[in-house]
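Colleague: Here the structure of chain A is known, so what remains is to put chain B in place on it, guided by the hints.
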Amino acid sequence: MMWEILEKAAKENGLVTAFAVVGLVMLVSGVVSRKLTFGRVQGSAIAILIGLALAYVGGKMSGGSKGLADLALFSGVGLMGGNMLRDFAIVATAFEVHAEEAKKAGWVGAVALLLGTVLPFIVGVAVAWAFGYRDAVSMTTIGAGAITYIVGPVTGGAIGATSDVMALSIATGVIKAILVMVSTPVAAKFLRLKTLRSAMVFGGLAGTVSGVSAGLAATDRKLVPYGALVATFHTGIGCLLGPSLLFFIVRALT
Amino acid sequence: MIIYGTALLAVCHLLGIIIGDLLGRALGMTTNVGGVGIAMLLLIFARIYLHKSGRLCATSESGVHYWGAIYIPVVVAMAMQQNVVAALKGGPVALIAAVGSVLVCGLFVSFINRMEPETAAPEEPK
Chain A
1 MMWEILEKAA
11 KENGLVTAFA
21 VVGLVMLVSG
31 VVSRKLTFGR
41 VQGSAIAILI
51 GLALAYVGGK
61 MSGGSKGLAD
71 LALFSGVGLM
81 GGNMLRDFAI
91 VATAFEVHAE
101 EAKKAGWVGA
111 VALLLGTVLP
121 FIVGVAVAWA
131 FGYRDAVSMT
141 TIGAGAITYI
151 VGPVTGGAIG
161 ATSDVMALSI
171 ATGVIKAILV
181 MVSTPVAAKF
191 LRLKTLRSAM
201 VFGGLAGTVS
211 GVSAGLAATD
221 RKLVPYGALV
231 ATFHTGIGCL
241 LGPSLLFFIV
251 RALT
Chain B
1 MIIYGTALLA
11 VCHLLGIIIG
21 DLLGRALGMT
31 TNVGGVGIAM
41 LLLIFARIYL
51 HKSGRLCATS
61 ESGVHYWGAI
71 YIPVVVAMAM
81 QQNVVAALKG
91 GPVALIAAVG
101 SVLVCGLFVS
111 FINRMEPETA
121 APEEPK
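Note that the protein sequences, when read in sequence, are chains A and B.
According to this note's numbering, the first sequence is numbered sequentially starting from 1.
According to this note's numbering, the second sequence is numbered sequentially starting from 1.
One or more of the hints may lead you astray.
[As the list claims (entries may be wrong)] Which chain B residues face chain A? A few, computed with CB under 7 Å, are given here:
| id | residue |
| --- | --- |
| 1 | S53 |
| 2 | Y71 |
| 3 | V76 |
| 4 | S110 |
Keep in mind that the hints were calculated from the coordinates and are not lab data.
All figures in this text were calculated on a predicted structure; none of them were measured in a lab.
Note that CB positions come from ideal geometry on N, CA and C, so glycine has one too.
So that you can see chain A by itself, here it is in the shape it has in the complex (with noise of 0.2 Å):
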């Protein structure tokens, strides 16, 4: 009786619920970012962890294709983590972008944003080549999860990838994310991160906001804003660059 008016409630209140159940998840991987890995793996990459674990159990229980999603109870999260809402979203972080901040990086930042563009891509595209997927549309996608995990679903949207390529392109994007921010902090001396140059090369090249803030909070705390003001111009070029230049490369080799 009570089960059946609470799943009525979920049912009929889709993205409502998916906003509750996202947020108790974001609540969770903050307690255990705090005191499992205290504060070393930054609370966002454990949700997005999370969130995969529990598309693979949807996916297990439906049989379907869309994770969580094809399960009646929370199907809102469909909605809340579709196309719309996504590229809605991820526009709106431009808005912190200041333009003016950014000529202060100068050549070196752009130099290293260009590198830290196509050199994940080309391993990216190289490794899926190596495992089987010969066809432009897959390699790109999961190339363009290299580069961070927000570039390889948008990438994969625009050029019409299939759920799979994109579920691969998002864990390369996080597992990287979670990778620099661990090995950071014990690679600062060969990286040579003293500077305020140096952080902004390290933002360009490591792209991941996530990663780069995690990691540079953890070497030295000054450094993060410098290496964070590159980082979050990866992401844009990586939109723009990922389903056109790099697709049509791509498509062209094969």
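Modeller: Okay, now just chain B, sitting in the frame of chain A:
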């Protein structure tokens, strides 16, 4: 009015998608070419313009900031609806691609930073 900010964001989003589609059409494809990236650029320029003419109040801005702040939760929701079951059948692609790109980028960071002249970096007194 808070809706002005959200409406500005919406207009930039739609324009970006439309331009991306037109660009795709012009290049002879059915896909959207860089629409989201173009929308982001439009928003950056719109912000600079409106700031210079002082027509953007703090309340309107919060109509954009809210959506910018909600993007990680939206990405989490996006992760929840991916076909992870099928992706796991793809093997260790994600892991290898991620480790590979981090290693390559790390080498380049180290290389570029080693070229930095020592004098250009005044260390803060400890």
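Colleague: Determine for every hint whether it applies to the structure shown.
Modeller: These are the hints, each one checked on the structure:
Against a cut-off of 7 Å between C-beta atoms, the interface hint on S53 (chain B) is violated, since the closest Cβ of chain A lies about 16 Å away. Because the smallest distance between the Cβ of Y71 (chain B) and any Cβ of chain A comes to about 4 Å, under 7 Å, the interface hint for this residue holds. Restraint check, V76 (chain B) versus chain A: the minimum CB separation of about 5 Å is within 7 Å; hint holds. Restraint check, S110 (chain B) versus chain A: the minimum CB separation of about 5 Å is within 7 Å; hint holds.
The structure fails to meet hint 1 from the earlier list, while all remaining hints are met.
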